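Peer 1: Those protein sequences? They're chains A and B, same order as listed. Using my numbering, the letters of the first sequence correspond one by one to residues -17 to 99. Using my numbering, the letters of the second sequence correspond one by one to residues 47 to 494.
Keep in mind that the hints were calculated from the coordinates and are not lab data. One should not assume that every hint holds.
[Stated by the list, open to error] Listed next, the in silico EDC-like pairs over lysine to aspartate or glutamate satisfying Cα-Cα at most 20 Å (straight line):
#  : chain 1 : residue 1 : chain 2 : residue 2
1  : B       : Lys234    : B       : Glu269
2  : A       : Lys43     : B       : Asp69
3  : A       : Lys43     : A       : Glu0
4  : A       : Lys43     : A       : Asp78
5  : A       : Lys55     : B       : Glu73
6  : A       : Lys81     : A       : Glu0
7  : A       : Lys43     : A       : Asp22
8  : A       : Lys43     : B       : Glu269
9  : A       : Lys43     : B       : Glu77
10 : A       : Lys55     : A       : Asp74
11 : A       : Lys55     : A       : Glu83
12 : B       : Lys234    : B       : Asp263
13 : A       : Lys43     : B       : Asp76
14 : A       : Lys55     : A       : Glu0
15 : A       : Lys43     : A       : Glu53
16 : A       : Lys55     : A       : Asp13
17 : A       : Lys43     : B       : Asp263
18 : A       : Lys81     : A       : Asp13
19 : A       : Lys55     : B       : Glu77
20 : A       : Lys55     : A       : Glu24
21 : A       : Lys55     : B       : Asp106
[What the hints assert, rightly or not] DEER-style ranges, computed between Cβ atoms:
#  : chain 1 : residue 1 : chain 2 : residue 2 : range
22 : B       : Leu61     : A       : Arg96     : 29 to 37 Å
23 : B       : Ile271    : A       : Arg86     : 47 to 55 Å
24 : A       : Leu10     : B       : Trp54     : 35 to 43 Å
25 : B       : Glu269    : A       : Gln97     : 29 to 37 Å
26 : B       : Asp263    : A       : Arg77     : 34 to 42 Å
27 : A       : Arg96     : B       : Asp274    : 31 to 39 Å
28 : A       : Leu10     : B       : Leu133    : 29 to 37 Å
The structure displayed is predicted, hence computed values, not measured ones. We put the CB at the ideal spot given by N, CA and C, even for glycine.
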Amino acid sequence: MGSPMTSVKQDRPVALTEPMHLILLSLLHGDRHGYAIMQDVEAITAGTVSMGPGTLYGAIKRLLQARLIVESKQRPRVDDDDERRRYYRISDAGRDVVKQETARLQRLVSFARRQLA
Amino acid sequence: MKRPATTWVERAYALSLYLLPRDFRREFGDEMRRAFRDRVDERRRENRSRARFVLSMLRDGSGCLVREHLTAGEHAPLKIFLFAALLIAGVGVFAAREGIGASLVDAVVAFQQQRKADALADYDRAVHDYTATIADRLSGDPAARAQLMAAQFYSDELDYFGYRFDAAQPRDAGQRANRARAARVALKNALDSGADDAVVLWNAATLCAEPVCRANDVLARLEIIAPDNGAVWWLDFGAAINAGDESRARRAVAAMANSSQFSVYENEMVRLWLRAYELVTPPERLASLWPHAGSAEGVIADGISNRIEKLEWWAARGYAAFERVCRAESIRQDCARAADLMAKSNVFEARRTGMRIASFVARTNEKELHAAWRQSLWRRVQQAKLLYDADRIDAPYDTAQPAVWMAALRKTGTLVGAADELARTRAIEPTVEAQWSDGWPIDPTRWP
Chain A
-17 MGSPMTSVKQ
-7 DRPVALTEPM
3 HLILLSLLHG
13 DRHGYAIMQD
23 VEAITAGTVS
33 MGPGTLYGAI
43 KRLLQARLIV
53 ESKQRPRVDD
63 DDERRRYYRI
73 SDAGRDVVKQ
83 ETARLQRLVS
93 FARRQLA
Chain B
47 MKRPATTWVE
57 RAYALSLYLL
67 PRDFRREFGD
77 EMRRAFRDRV
87 DERRRENRSR
97 ARFVLSMLRD
107 GSGCLVREHL
117 TAGEHAPLKI
127 FLFAALLIAG
137 VGVFAAREGI
147 GASLVDAVVA
157 FQQQRKADAL
167 ADYDRAVHDY
177 TATIADRLSG
187 DPAARAQLMA
197 AQFYSDELDY
207 FGYRFDAAQP
217 RDAGQRANRA
227 RAARVALKNA
237 LDSGADDAVV
247 LWNAATLCAE
257 PVCRANDVLA
267 RLEIIAPDNG
277 AVWWLDFGAA
287 INAGDESRAR
297 RAVAAMANSS
307 QFSVYENEMV
317 RLWLRAYELV
327 TPPERLASLW
337 PHAGSAEGVI
347 ADGISNRIEK
357 LEWWAARGYA
367 AFERVCRAES
377 IRQDCARAAD
387 LMAKSNVFEA
397 RRTGMRIASF
407 VARTNEKELH
417 AAWRQSLWRR
427 VQQAKLLYDA
437 DRIDAPYDTA
447 QPAVWMAALR
457 KTGTLVGAAD
467 ELARTRAIEP
477 TVEAQWSDGW
487 PIDPTRWP
């Protein structure tokens, strides 16, 4: 799994694992419930990462604790809505973390390309 | 009120959640059960392996158990031990129930077979991703043209160009049948979504061998949106040659020569193909595909002679064909030589080596190979002569070549000998006029 990074905008550092990162990427598209996040993660990673409920909700718990996501009261997916499902939304802090992680990955890719050229 | 679990595996999963820390279970237990059921339904819909699914859920659950207990510090060692014991027992019960077999070897074999099926699914997904990439890069109606590329790749081209997805390359008859089916679906999608895309319709009408392409409405639709496109004459020309009807063939050639749009569409199709190859061919091999022009666009733009374009084109296809067949140890040396010659742009020398490879692959003797080639060459010679008579002396290399081959064949008596002769005399790019200097017609009954 991916290496952790620290978020400089939190009260305390957050170790961002790959499942947490993928969940944040999924929530960039809009509010999602758990199963929808699982499907998004598979689509984002072209099927190479398939998250089980244990991994998913363990990561959601940590993201909630770090206030990178919040529970949403809205119901965006009408076709499969179930009032017992909980929806999640990325917070502003979560968006900042995604931006920082994206910048970090871009630096790594640029470095690799220079070395491989 | 909780919904009851409906299968034994869902009931087992619901029970296993009691091994998790209380607070975590109370906050997320319902959602985890719901997500698990969604996964079960998904697996059932997509007909994925149950064994693989259960093993992945066991892995997910054990990781969650350890992680959450370590962070919660709530009777962790006891619950982890209980889970490990249940896990071992559960795997055994599951294996017996699923009939996977008592032996580890049977389980591994079953897993490998599923892995192969999953790899095939990965291959299809990768083809889909590549066609999506092509759709972004091609001009015109991207969806229809991407589907057209998908149809070609499913049927032949990716394999033809040696594109590998590690172990996912479909090989057996069942997988090839699946790919053919996928090709027909993609082709139908291309024709349905490309109803007003002249390039798609033209390509389907002139090159497609699938029944869906031979439907009359493809040509009729093409005539509506692009009159005077020349496709019908190309088809008529081919039919006339196969039937031996020279006068009909001459009329078709004349019509093609008068069709201003024919070469436009043909070039557009070549451009589409070369761009697609460029996208799916590994970068280190691209340089060997267009050594003269430097790029696919360079090939198209080369206005000196379309012979060069055809040479590049056939060199690219030939290179890939050699790689595709070159797996037998006995011809590995010939294959390496052919590849080296292609890379050095010595197309003709490579084709000479390729004759030996083709002979090996066809598993025929020289006489049988000669008979097959004679029939093919005679048809192509007729085509070349008709093009010459229609004053198209800039005819592409591949159709002008047969007369040169025939002259060498008459002289040497064998196909491999003819290839050696042509290599020796460097008769690679003669003009059409020079080719007819040894006389016409060439009577195949007088061949050696």
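Peer 1: If any of the earlier hints don't hold here, list their numbers in rising order.
Peer 2: 8, 11, 14, 17, 20, 21, 22, 25, 26 and 27
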